[in-house]
Structure formats: structure tokens, C-alpha cells
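Okay, here's what each chain looks like letter by letter:
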Amino acid sequence: MRLKLVARLSRGGPQSIVRLTKGTPLTRQAITKHLHVLAGAGLVRGTRRGRESRWELEPQRLDVAYRYLDLISKRWDVALRRLRTLVEE
Amino acid sequence: MPTTVTDRIEKKILLHAPRSRVWRAITDSKEFGTWFQSVFTDPFRPGGRIKGRITYPGYEHLTMEIVIERMEPERLFSLRWHPYAVDPNADYSKEPTTLVEFTLEEVKDGTLLKVVESGFEGIPIARRAEALKSNEGGWTQQMTNIEDYLRRNP
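Chain order of the listed sequences is A and B.
Note that the first sequence covers residues 54 to 142 in the numbering used here.
Note that the second sequence covers residues -11 to 142 in the numbering used here.
Hint data in this document are derived by calculation from the structure and do not stem from the laboratory.
Please note that the accuracy of each hint is not assured.
What the hints assert, rightly or not - Now the in silico label distances, taken between C-beta atoms and shown as ranges:
1. A:Leu79 to B:Lys(-1): 39 to 45 Å
2. B:Asp79 to A:Gly103: 36 to 42 Å
3. A:Thr100 to B:Leu64: 46 to 52 Å
Virtual Cβ for every residue (Gly too), placed ideally from N, Cα, C.
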């Protein structure tokens, strides 16, 4: 269920508990509990807006994920350039 | 975890060389080592678990282990490894690996090589942050952010 919540937040962007609960067999309380566990793991965060909380993926986590991929990607570029030199010489 | 944009890397490169030449360069462990900057003593074979010593400047104290999955002559070569395993004191063996797939296709001017590495979402986020941290230069601006991040998510 927690993975499903992360997937929904990743697809749908920041959203309220009401929207996150829709289409699941769980109560709002149960969803809230899961969200707090995810928040404890640094994956999501909730911000209060008026009377309702909006939940979103922790942006820094995504930032790390993107920049890590970029780093690995650059490594491949360098390695593949070297491969090109080897096979084309 | 669903496949997301942060799970995989795809590369395509046109090499002006025959397919047999490219195949040898990626499946002969000695040749692989020359462009990947590692020294492998054993030949690659399906199912083989092969150790290599990294020769990439600054990382020479590290060894790597790769597991060869498939070798379909001149078509597909795949392996698994622990990406960016840069902490010599860490035991990566229990952590998920990424899958690297090399696909070769004959085209008019040579060989089209496709490289797909996938499974990054299985790599603990702290490991990914660590890789960024150890990558010297360029990240100074972001360094504090990552350190803060690691402090909050040990």
C-alpha cells in the first residue's frame, strides 16, 4: 500500500488525503498512518493548507535520484567514447 | 516500485565497426577492461561471477564484482553489478544490483550499440547520495543539501 501511495504521488503530484484515499479500500485514518510512516523514512512530506493537509514526494529525494542518474549517465558517456576509440581505430 | 524515469539509463551509440568487432570489445573481459577502466583476470561466461580491479584514476583501491547473465553472440550481452560501489568498507553483497544490457544491431554504417542500465530505484537512496558526495568537483553548491539529507535519513 505504501508503494502504491508513493506511485500515486509520483504520478499525480501533491494531493489531499481525500484524493489519496479515493479508490482504495482503506480509511482516511489508515492512509494518514501510512503517510506518516513514509514521512518518517524521508520519502514524503505533508504541508497544511487551511484545514487540509497536502502530501507530496520529498523533493530532495527526487533531486538525489535525478542527479545520481545524471552522474552514472555521464560515466557511461565517457566509457562509451573510449569504446568507440577502441573499435574504430 | 513502478518503473520511473529515475530507474534506468539508456544510451545509443553508432560505432563505425563491424558487429563482430563490437561484440569482442564488450565480451572479451580484457578488452572490456580497457575501455571500462578495470582489470578482469577471468573470461566472461554466462553465469560467471567475475572480479575486477578498477583502474579509473582515483578509484584504483576498489574492486568490483560482476555477474554475467546472457551472452547471445553478436546480439545481446547482459550482466549485473553494484553501480558506483565506491565505499571500500561497505558490504554491497546484500544490496540489489542493476542490470546492464548491451544490444547490438547491424546498420548501414556499422553497428548500433544500445546500452540500458536499469534497477536504480532498488539502490538505497543513501547510497545514491553517497555516490554524489564522493564524486569530486562540481557539486560544492549542493553538498550541504546532501549532507543534511543524509543526517536526516541515516
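**Q.** Which numbered hints fail
**A.** 2
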